[in-house]
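**Q** One-letter residues, chain by chain:
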Amino acid sequence: MTTAPPVARGPLSSEPPPLPDPEPVARIQVRKLHAWFGGFHAVRDVSLDIPTRKVTAVIGPSGCGKSTFLRCLNRLHELTPGARAEGSVLLDGVDVYGRRVDPVVLRRRVGMVFQKPNPFPTMSIRDNVLAGHLLSGTRVPDPEAMVERSLRQVALWDEVKDKLDQSGMSLSGGQQQRLCIARVLAVEPEVILLDEPCSALDPIATARIEELLGELESRYTIVLVTHNMQQAARTSDYTAFFYLGDLVELDRTTTIFTNPKERRTEDYVTGRFG
Amino acid sequence: MSAAPAEALPHAAATTPSAPQRAPDRPRGRLGDRLFEGVTTALAIVVLLVPSAMLIELVGASRKAIGAFGASFLTSSTWDPVHGSFGALPFLWGTVVSSLLALALAVPVSIGVAIFLAELAPHRARGPLSFLVELLAAIPSVVYGFWGVFVLVPLLREHVEPWLAAHLGFLPLFQGPPLGFGMLAAGVVLAIMIVPTVSSIVREVLRAVPAAQREAAAGLGATPWDTIRFAVLPSARSGIVGAILLGLGRALGETMAVTMVIGNRPKVSVSLLDPATSMASVLANEFAEADSDLYLSALSEIALLLFGVALILNLLARWLVGATKGRVGSPA
Amino acid sequence: MKPVREDLLAAGPAERRRHARSLFFTALCAISAAIVLVPLGSILLYVVERGASGLSWTFFTALPKPVGETGGGMGNAVAGSLVLIGLACLFGLPVGVLAGVYLAEVGRGRLAAAIRFTADVLAGVPSITIGVFVYALVVVSMRRFSAIAGGLALALVMIPTVTRTTEELLRLVPPNLREAALGLGVPAWRTTVFVVLRTAAPGIATGVMLAVARVAGETAPLLFTAMSSRYWAAGLDRPIASLPVQILTYATSPYADWQAQAWTGALCLVAIVLVLNLAARAVAARSLGARR
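Chains as they are written, first to last, in the numbering used here: chain A, 11 to 284; chain B, 298 to 629; chain C, 442 to 733.
Check the hints yourself; a few may be wrong.
In silico SDA-like pairs for lysine to any residue, Cα to Cα no more than 25 Å straight-line [said to hold, decoys possible]: (1) A:K126 - B:R526; (2) B:K622 - A:P71; (3) B:K622 - C:R585; (4) B:K361 - C:G550; (5) B:K622 - A:R244; (6) B:K622 - A:P91; (7) A:K126 - B:A505; (8) B:K564 - A:S134; (9) B:K622 - C:R584; (10) B:K622 - A:F47; (11) A:K42 - C:R551; (12) A:K126 - B:K361; (13) B:K361 - C:S582; (14) B:K622 - C:R557; (15) A:K126 - B:L530; (16) B:K622 - C:K506; (17) B:K361 - C:R549; (18) B:K622 - C:R605; (19) B:K564 - A:H44; (20) A:K126 - B:F447; (21) B:K361 - C:L578; (22) B:K622 - A:M133; (23) B:K622 - A:M179; (24) C:K506 - B:F447; (25) A:K126 - B:P521; (26) B:K622 - A:Q176; (27) B:K622 - C:R612; (28) B:K622 - C:P616; (29) A:K42 - C:G550; (30) B:K622 - C:P615; (31) B:K622 - A:A210; (32) B:K622 - C:A554; (33) B:K622 - C:L578; (34) A:K126 - A:R41; (35) B:K622 - C:M583; (36) B:K361 - C:R612; (37) B:K622 - C:G550.
Hints listed in this document are in silico derivations from the structure and should not be mistaken for laboratory results.
Remember, it's a predicted structure, so these values are computed and weren't measured experimentally.
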């Protein structure tokens with residue numbers, strides 16, 4: 011590592027540290043982001059940069075606002091009754107909370123994988139992969155090729171190629187989650203958000219998903235929310251630590267786990283609380 | 298009451314031979330417990346016996362008519378109490394047509410209401426709005442009939458039916474003088490009455506679809522309607538069919554409102570503008586006045602038919618709704 | 442860096458079309474809701490407008506006058522309805538509630554499944570058929586129409602709802618409450634009655650109120666069981682007047698005075714049903730609030 015490590019900063023500073031970062035494809039810059047559920051202030055004044063084509067992990071104890079933060083990035087948060095957000099999230103310099111931005115367009119460029127695998131139960135495996143296109147009515151020139159490409163990307167092709175017409179629910183939990191990732195990839199997003207994607211999976215399925223993240227990293231900007239510190243350490247390049255709605259620290263993952271600047275981060279990663 | 302003796306005889310039944318076969322998680326043996334179980338079981342068995350008793354009574358009461366007319370009871374449209382000749386076709390026809398008409402009018406609206414209340418309406422408006430829709434289910438049938446006679450029938454007679462006859466009169470469905478009272482009025486009143494039934498069950502079924510499926514769709518860039526169309530409705534489909542069948546069951550058995558507006562003429566006519574009658578209506582109108590055994594028996598057979606049809610529809614509907622809610626609601 | 446172009450995330454023609462479609466269907470669903478509220482508004486309006494003027498003390502206390510004479514009231518019908526509802530509760534509640542207790546707490550296996558099934562069957566039986574059944578069962582053997590027959594018919598209408606509501610609500614009672622009581626050495630039946638049933642009581646009361654609201658307006662099962670009467674109730678083994686049947690008779694009569702009285706009766710009936718529904722909601726809301 012030849013570049014200087016990013017400058018650490020306190021939770022209240024709004025100018026994030028510069029990240030070493032080649033040609034950005036879809037850089038996300040979060041500025042002064044707040045989010046609420048009714049009266050509950052779930053995310054407080056978070057500013058950070060998410061580097062392109064890297065895996066950024068978001069860790070913290072449950073209820074720290076990490077999932078809410080993630081759901082603000084593709085504006086899924088606002089679909090929850092009583093939820094609202096303030097501040098800005100810049101995707102390639104465009105504020106996704108801007109007046110002219112259509113969240114429907116945004117969500118196709120910022121895909122999301124959820125905590126529990128959620129394939130559409132009434133659709134076949136093939137249709138699940140194509141779901142994003144079926145939903146929006148976009149014509150796919152070669153659907154079979156797209157299904158195969160997406161399923162190969164998640165290393166599911168060989169397992170399901172003979173039963174593409176079966177329901178997505180017939181797969182195991184880990185396979186379902188990979189199907190959900192394939193479904194996101196088929197829409198060709200630039201950013202993929204994963205909200206604790208392995209929390210419902212067994213260790214072997216988890217390992218496969220982690221392996222997959224490493225492969226996808228070269229093409230996508232990935233944000234991974236996890237409560238599993240080992241997972242963050244294994245898979246991510248950068249790690250953000252959230253605590254009680256505040257961003258405590260964002261740094262290279264190795265730094266966060268070996269030499270954090272903040273006391274609270276250290277306490278958390280060493281297992282003293284949380 | 299019986300608490301004192303029950304506790305004075307602890308484990309009185311522990312030595313009975315049946316004790317070891319009992320479920321292990323429920324300590325038995327106390328007299329109070331056995332008494333309590335006996336009483337609840339006995340009363341539950343009362344519930345078990347009522348429909349069977351009903352079936353036996355109705356079959357018994359209609360035996361004479363079944364013997365006299367056989368299958369022709371279902372195909373004959375002669376209803377002549379004076380000469381003792383009875384055929385149920387006009388009543389079957391009226392019940393079926395008025396119920397189907399009610400479904401045709403009510404189903405699209407009910408599904409629209411249910412989708413609105415479950416998925417689209419502002420969250421604050423959902424509670425009060427669904428209360429208002431449920432209120433429609435609470436209004437007594439006789440009040441619907443009364444309103445039908447004084448508000449709906451004049452409206453149909455003076456505005457709707459002349460318009461239908463003028464513009465769609467080339468169809469056999471809309472021929473004849475605008476009387477107000479008739480199949481159309483019955484269908485409309487029934488439609489209003491079954492909307493709350495159908496929409497509240499559809500709403501339940503929609504709400505049983507996990508939020509994860511909606512989020513999956515929204516996360517892929519679906520508009521609210523795309524989400525409903527692709528992520529919600531397909532999972533709810535058979536439950537919606539069940540809701541429609543329950544609505545149909547309700548429409549078939551509905552009595553007072555239909556009797557008051559249908560016109561009560563035992564003739565089979567294709568035109569919706571003509572007066573008609575229904576199985577429930579003829580029971581309401583004639584059962585108390587039936588003056589011969591055969592007449593009473595014929596009416597009982599109509600009641601038996603109504604019972605049978607309603608039974609089959611309800612069972613099918615409940616099975617569909619239950620299966621949908623169970624399947625959709627269960628974790629992946 | 443790519444050029445900063447907000448259009449990158451703006452809706453294109455395809456998205457605009459999809460949003461328009463979404464709005465169209467949302468509007469359609471909202472219109473359905475509005476359509477449903479029209480008859481509700483119309484019914485309430487008519488019942489109040491035509492019925493309110495007839496409300497008076499004599500309406501609730503006086504007997505109907507013979508044809509041709511104006512005035513009189515529906516006192517006997519109001520009283521008769523109360524008697525019939527009372528009888529329906531007397532016959533129906535013990536069976537309904539305890540059968541529900543059986544399904545939730547005692548019964549297992551095939552018998553319980555069969556009872557649950559028949560309760561559903563009974564709920565789907567048209568109420569007029571229940572009238573025919575009670576006629577054959579009670580009226581024929583007593584050789585006369587009677588309040589008892591009417592009450593029994595209404596009870597049969599009530600039972601399935603009460604049973605299933607009771608069962609559902611008992612199942613909602615947290616099992617640790619039951620275990621806590623059993624752990625203290627309380628006998629099972631006392632646990633059921635004084636802990637489980639008592640916890641579920643507000644909910645069951647709600648169900649009962651809704652069931653009463655439903656039978657209060659039932660006409661069809663009374664036509665050939667309780668029949669009707671122009672006089673005060675003479676005994677439980679005699680025909681008895683009821684509000685719904687009286688409304689039916691007056692509403693379908695050719696006399697304007699009777700029709701006016703029928704509107705007033707309809708207003709009372711709707712008011713009773715409305716109050717019971719609101720009360721049920723209030724009880725449900727309060728018990729939910731208390732649980733929280």
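**Q** Each hint: holds or not?
**A** So, going through the hints one by one against the coordinates:
1. Proposed proximity of K126 (chain A) and R526 (chain B) is supported: the alpha carbons are some 22 Å apart, at most 25 Å.
2. Taking the CA atoms of K622 (chain B) and P71 (chain A), the gap is about 34 Å. The hint is violated against a cut of 25 Å.
3. Using a Cα cut-off of 25 Å, the hinted pair K622 (chain B) and R585 (chain C) is violated, with the two alpha carbons roughly 46 Å apart.
4. Distance restraint check for K361 (chain B) and G550 (chain C): the Cα-Cα separation of roughly 39 Å exceeds the 25 Å cut-off, and the hinted pair is therefore not satisfied.
5. Of the supplied pair hints, the one linking K622 (chain B) and R244 (chain A) is violated, its CA atoms being roughly 40 Å apart against a limit of 25 Å.
6. About 23 Å separates the Cα atoms of K622 (chain B) and P91 (chain A), which keeps this hinted pair within 25 Å; it holds.
7. The straight-line distance between the Cα atoms of K126 (chain A) and A505 (chain B) is roughly 17 Å, inside the 25 Å bound, and the hint therefore holds.
8. For the hint linking K564 (chain B) to S134 (chain A), the alpha-carbon distance of about 51 Å lies beyond 25 Å, and the restraint is violated.
9. Proposed proximity of K622 (chain B) and R584 (chain C) is contradicted: the alpha carbons are some 47 Å apart, above 25 Å.
10. For a cut-off of 25 Å, the pair hint linking K622 (chain B) to F47 (chain A) is broken: about 29 Å separates their Cα positions.
11. This hinted pair does not check out: K42 (chain A) and R551 (chain C) have alpha carbons roughly 62 Å apart, beyond 25 Å.
12. In summary, the hint linking K126 (chain A) to K361 (chain B) is not supported, as the alpha carbons are separated by about 63 Å, beyond the 25 Å threshold.
13. About 19 Å separates the Cα atoms of K361 (chain B) and S582 (chain C), which keeps this hinted pair within 25 Å; it holds.
14. The suggested pairing of K622 (chain B) with R557 (chain C) holds, with an alpha-carbon distance near 17 Å, which does not exceed 25 Å.
15. A C-alpha spacing of about 21 Å is found between K126 (chain A) and L530 (chain B), which places the hinted pair at or below 25 Å, so the restraint holds.
16. Annotation: proposed proximity of K622 (chain B) to K506 (chain C) is violated, straight-line Cα distance about 54 Å (limit 25 Å).
17. Distance restraint check for K361 (chain B) and R549 (chain C): the Cα-Cα separation of roughly 41 Å exceeds the 25 Å cut-off, and the hinted pair is therefore not satisfied.
18. Only pairs whose Cα atoms come within 25 Å are accepted, and K622 (chain B) paired with R605 (chain C) is accepted, the gap being roughly 17 Å.
19. For the hint linking K564 (chain B) to H44 (chain A), the alpha-carbon distance of about 71 Å lies beyond 25 Å, and the restraint is violated.
20. Of the pairs offered as hints, the one joining K126 (chain A) and F447 (chain B) is violated, with about 56 Å between alpha carbons and a cut-off of 25 Å exceeded.
21. Using a Cα cut-off of 25 Å, the hinted pair K361 (chain B) and L578 (chain C) holds, with the two alpha carbons roughly 17 Å apart.
22. At roughly 18 Å between alpha-carbon atoms, K622 (chain B) and M133 (chain A) fall within 25 Å of each other, so this suggested pair holds.
23. Annotation: proposed proximity of K622 (chain B) to M179 (chain A) holds, straight-line Cα distance about 16 Å (limit 25 Å).
24. Simply put, K506 (chain C) and F447 (chain B) have alpha-carbon atoms about 23 Å apart, close enough for the 25 Å limit, and the pair holds.
25. The suggested pairing of K126 (chain A) with P521 (chain B) holds, with an alpha-carbon distance near 22 Å, which does not exceed 25 Å.
26. Restraint check for K622 (chain B) and Q176 (chain A): satisfied, since their Cα atoms lie roughly 22 Å apart, inside the 25 Å limit.
27. Among the hinted pairs, K622 (chain B) with R612 (chain C) is consistent with the structure: their alpha-carbon atoms are about 17 Å apart, no more than 25 Å.
28. About 23 Å separates the Cα atoms of K622 (chain B) and P616 (chain C), which keeps this hinted pair within 25 Å; it holds.
29. Proximity of K42 (chain A) to G550 (chain C) is assessed by CA-CA distance (about 60 Å); at most 25 Å being required, the pair is judged violated.
30. Straight-line distance between C-alpha atoms of K622 (chain B) and P615 (chain C) comes to about 22 Å, which keeps the hinted pair within the 25 Å bound.
31. Between K622 (chain B) and A210 (chain A) the alpha-carbon distance is near 23 Å, which keeps this suggested pair within the 25 Å criterion.
32. For the given pair, K622 (chain B) sits about 18 Å from A554 (chain C) by alpha-carbon distance, which is consistent with the 25 Å threshold.
33. Pair hint K622 (chain B) plus L578 (chain C) does not hold up; C-alpha atoms about 38 Å apart against a cutoff of 25 Å.
34. With a C-alpha separation of about 29 Å, the suggested pairing of K126 (chain A) with R41 (chain A) is violated against the 25 Å cut-off.
35. For the given pair, K622 (chain B) sits about 46 Å from M583 (chain C) by alpha-carbon distance, which is inconsistent with the 25 Å threshold.
36. With a CA separation close to 46 Å, the supplied pair K361 (chain B) and R612 (chain C) exceeds the 25 Å bound.
37. Restraint check: the Cα-Cα separation between K622 (chain B) and G550 (chain C) comes to about 22 Å, which is no more than 25 Å; the hinted pair holds.
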